[in-house]
Amino acid sequence: MPQTTAMKRSQFLHSLLVLPAALLLPGCNKSETGASAENAAGAGKKLTIAFMPKSKGNSYFINCEKGAREAVQELGVDLLFDGPTNTDPAKQNEIVENWITLGVDVMAVACENKEGISGALKKAQEKGIKVVTFDSDTTPDARSFFVSQATAQGIGEGLMDEAARLCGEEGEFAIITATLTAANMNEWRKYIEARLAEKYPKMKLVDTKPCDDQKDKAQQETTNLLGANPNLKCIMAICSPAVPGAAEAVKQAGKAGAVKVLGLGLPSENRAYLKDGITQSVILWKVADLGYLALHAAHALGSGALKAGDTSFKAGRLGELQVDSDGAIILGKPFVFNKENVDQFDF
Amino acid sequence: MNRYFRELSVAGALVLLLGLLGVVAPQFFELQPLLSRLTAQVPTLVLTIGIAMVMITRQIDISVGSQFGLCAVLAGNLLAGGLSLPLALPLAATAGAAMGALNGCLVAWLGLPSIVVTLATMVTWAEVLRLTQQGRFINLPAGVQWLSLSQAAGQTALLAASLALLAAMAWLLKNRSGGRHLYAVGSDAEAARLSGINPKATTFWVFVFMGALAGVAAVCNLVQSPQVDPKCGTGLELKAIAAAVVGGIAVNGGRGSLWGAFVGLLLLATINPALTFLHVEAYWEKAIQGLVILLAVVADGIRSRRNAS
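Going down the list, the protein sequences come from chains L and A. Here the first sequence is numbered in our numbering, starting from 1 and rising by one per residue. Here the second sequence is numbered in our numbering, starting from 1001 and rising by one per residue.
Next comes chain A alone, as it looks inside the complex (with noise of 0.2 Å):
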């Protein structure tokens, strides 16, 4: 009962600013911009599953914002160019792999922290989108948004594909062996290879994974809109590294699950809206994001020490 206590009081929280919002600002449930507003997320919570994963083998990938925008712009050009969607996407996520099969080299083999790894990577593939890209916007052919259908057809199909690759990564990381690796190597790495894991490996397609996520998410992002900014993986890593810190993901390894961190990042997705339909200035958008996030990581620090003692 004690175990879900993180993600059942961040769903608490959610529950409350929901109510809050009910009372004051009905219209905040009006159908057509809520699904506006919760296929937008789409692509972050694309982005937190991998971070998720990548947190608990106890590592971090801060370069995803950067595969994000390279993926997009890569995607858009070849469509633009006249390529379909459904190669596109495949694409997309084998560039975003490559990428992250970079960091898991430089990470699993060489042994280096990942914080620096991915640090070195995010600069670099976001000056390689600056010098490719020069800031143009992409300008993707008629079709291409909402997959040819109609706009409310193409959010429901976008959120329900999102959240069934959540429900099926949380599946296989509680039940299967390959999943509860990931655990294992982010408790203990050296305990996992005696016990015949190969940390080493589960590191390397975490990160693998992670990169061919952020091309899968480009695409459910660029999907929303005729016009791709290349700007548009700036900033989202440290929204998906929040999400999975505020919904339970241990940032020290080995603990969280995937529905906490998608229970995270609705609540720190409605937090911006929720301050627009209570009108609340802006100012105040980042401070609060803040405080929650501040909230999760001394209550994880709280956890820890009681849990060492």
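This is chain L alone, in the form it adopts within the complex (with noise of 0.2 Å):
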């Protein structure tokens, strides 16, 4: 009884409070009433946004965050910015656990381990905590959307045809990944080898190396490729501290030029090796667009703007973008940049 009575009294304030907020909204008739009074309510609760990424001391992500703080200005809501030091699928669930705790209301995550994550994300959504993943996404089941750089069809097939243009398209060639483990790099070389073997039957991936996401350690897995394989033509690197870190072992086994090297990464930390012909061409999306994007996804999945089945959304200055069946949120096509067009971008 106690309760029902409690019950009826905040059931009572709170008509108390929300009739005059309905009475000052124009245009209203009295079925449509509770609701707008409901979305004025949630709207004017600030949202709180927990963000991951998969790294927090790599410059890839630390662009990420610069996008997704540039959102949070302009949409005015809470963030809570956090993750592992260097890439650990395990702390990465630790955080997502503290947040279920502390109840937020939107999770933005880029997943270190597609499957080991899940678990975490589905409790919270069981808890109520909306999800979206990017950069690299979770089991479909575990959120809601995913904000996808590009299709990873898309860099895989970008990479492999530029790796083709650069051999004449024959000839071997080696790639660096960073874990074996990472979800987003084991797709896109997925769609790396379909490529290759439905395109380029004279090329030949000799062998996939990961470097930890290290510099120097993509420098020393390099320097052993290139004398183990002495026909390679051409390094592959798909994650971005891998990338100069290769470029400076072809420069430093003096094969630059005869070895080509192109990867994903980013311009300030390949622009020497650009200019010297040593790596021939970087892939990249532009990076602070990709947690810009991420952010306004998770907001509008919270404010309830983003609904499951919507094929389209808008993204403040990134205007109307697509979404597709997989609920995949695409932000464009990956740009190819190189000697003559890096000094154009400031990341």
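Hints listed in this document are in silico derivations from the structure and should not be mistaken for laboratory results. Some hints could be false.
Interface residues of chain A toward chain L, partial, derived using beta-carbon atoms under 8 Å [as the list claims (entries may be wrong)]:
1. GLY1019
2. ARG1037
3. ALA1040
4. GLU1127
5. THR1132
6. GLN1134
7. ASP1188
8. THR1276
9. ARG1305
Backbone N, C-alpha and C fix where the C-beta goes; we use that ideal spot for every residue, glycine too.
Hints in hand, dock the two standalone chains.
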């Protein structure tokens, strides 16, 4: 009984509070009043959005964070920013658990391990927390939307086509990745290999090595690959620190130009190697835009503006973007930069 | 003869592996790449010397990777700001020594376990590094790489300097009283105290020296490329500890030699390129390294049980 009374009282207070608000809203008919009032109340409450990169120390994700903070300014939400200092799937789960305890409204997560984090994210969803992933996805049932820098297919095929172009469509190449468990890179590798099998019969992938997301390790792995595979024509580095690492090894081996270097990386870290003709092409999207879009998607999902089944959504300065049937929001086509255009980029 | 059994068996394993490479992949011994591979291990060797001394004293320091990263970024920024290498090196070593002194104070005089203390400082320095550097690479001025020498000369100089350091420290540990004190404190701190050694001071200075070596190692690393990756220290503590353990430095102190740790490092550092040259998939690398470490620890366990009975 006391509970019911309390509830009635709170309902009464609530209606007292929302009534004037409803009266202030122009053009509302009576049947819509409740819903509008609720929306108004929802918009009034600041959303708390939790944002997690794969690794806080990586300049790629630091650029992501910049974009996210820009969106935070625009949208006026509360941001919780946390992540592992270095790539660490277990630490990501721990942080998700903490956020569940804190009761955030929306989580935006770049997942290090696709399956490993899905349990924790599903638990968050059961507690009513909305989940979007960005950069690299979890399993589709553990999130509402995935904010993708480009499709895995677009990246994989873009890399393979560029490598083939640099090698004249024949010869041996090797891949340097971050870790063999990195979900997004494994997806790219799948499409790289599919494209290779389908279009470039005279090219051969001789090895794939992890560099633990470190430049110096990538340099050592490349030195070994060059020695072990004397016919190597191209190194494809698919994580950002690996591109300058691979280039330095090719330079030290005295094979600049003879062995081509391409990869996914930041312009600022590759400028000198591009200009010296050691690295030929670097492929990337605008990283800050990815963080910006992730935060916009998280906000839209949290405020109800973006719902399952929507086919497009408007993300601030990025305009109207497509949402595909798997719930992926695509930032756009990756960009190839080279000796000629690298100076147009400042990140 | 039994005394060097461990060092000799690790060296034997290394010789076997090199022999296999000589037969299956002789291009492994091509001079230029071999020189690059060896030089790339110089920073880890410098750290291994320090960590072996810490372990002989029956302590551990898992913060050395973070110290290394912080020193690398400090030296990198100083060099980028126009400071010369002969000044940046002692500054990096001093910064490392200061971080080591903090570890040393907490362990020696507050009596806290070194694993906990250095875990705390490891995380702290890693976060300081992240906040100050924000993951940005540092571009070094021309002339820093290879100490303004040619590539081959620079590599040779780094190798020679690190081997000289190894030989000097190995000799000091074996033949000078200061070196013997580490073994005494690591075997039995109370007995060492009763025989007139100050275990607290010994422990403190070992951590300080370790920190200074982390700074030196960081500089040995940054002269090998034109950019500093602020994550360059990540995981290095484990590589150094693994090398020491495999090379016969006892985890519970008081036993082992720097030459053993050196051979342990060579073995572990050969496994990774060997797999590439033997065209074994990368998935096996960490499993095999883990297995080698496990073998070493089991061998230690059997040895200490036999000694006890």
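Consistency of the hints with the structure:
1. GLY1019: violated (17 Å)
2. ARG1037: holds (6 Å)
3. ALA1040: holds (5 Å)
4. GLU1127: Where the cut-off is 8 Å and the nearest Cβ of chain L is about 7 Å from GLU1127/A, the hint holds.
5. THR1132: violated (11 Å)
6. GLN1134: Holds: closest Cβ of chain L sits about 5 Å from GLN1134/A, inside 8 Å.
7. ASP1188: violated (38 Å)
8. THR1276: It holds, given that the least Cβ distance between THR1276/A and chain L is near 4 Å, below 8 Å.
9. ARG1305: violated (34 Å)
Consistency note: the structure conflicts with the earlier hints numbered 1, 5, 7, 9.
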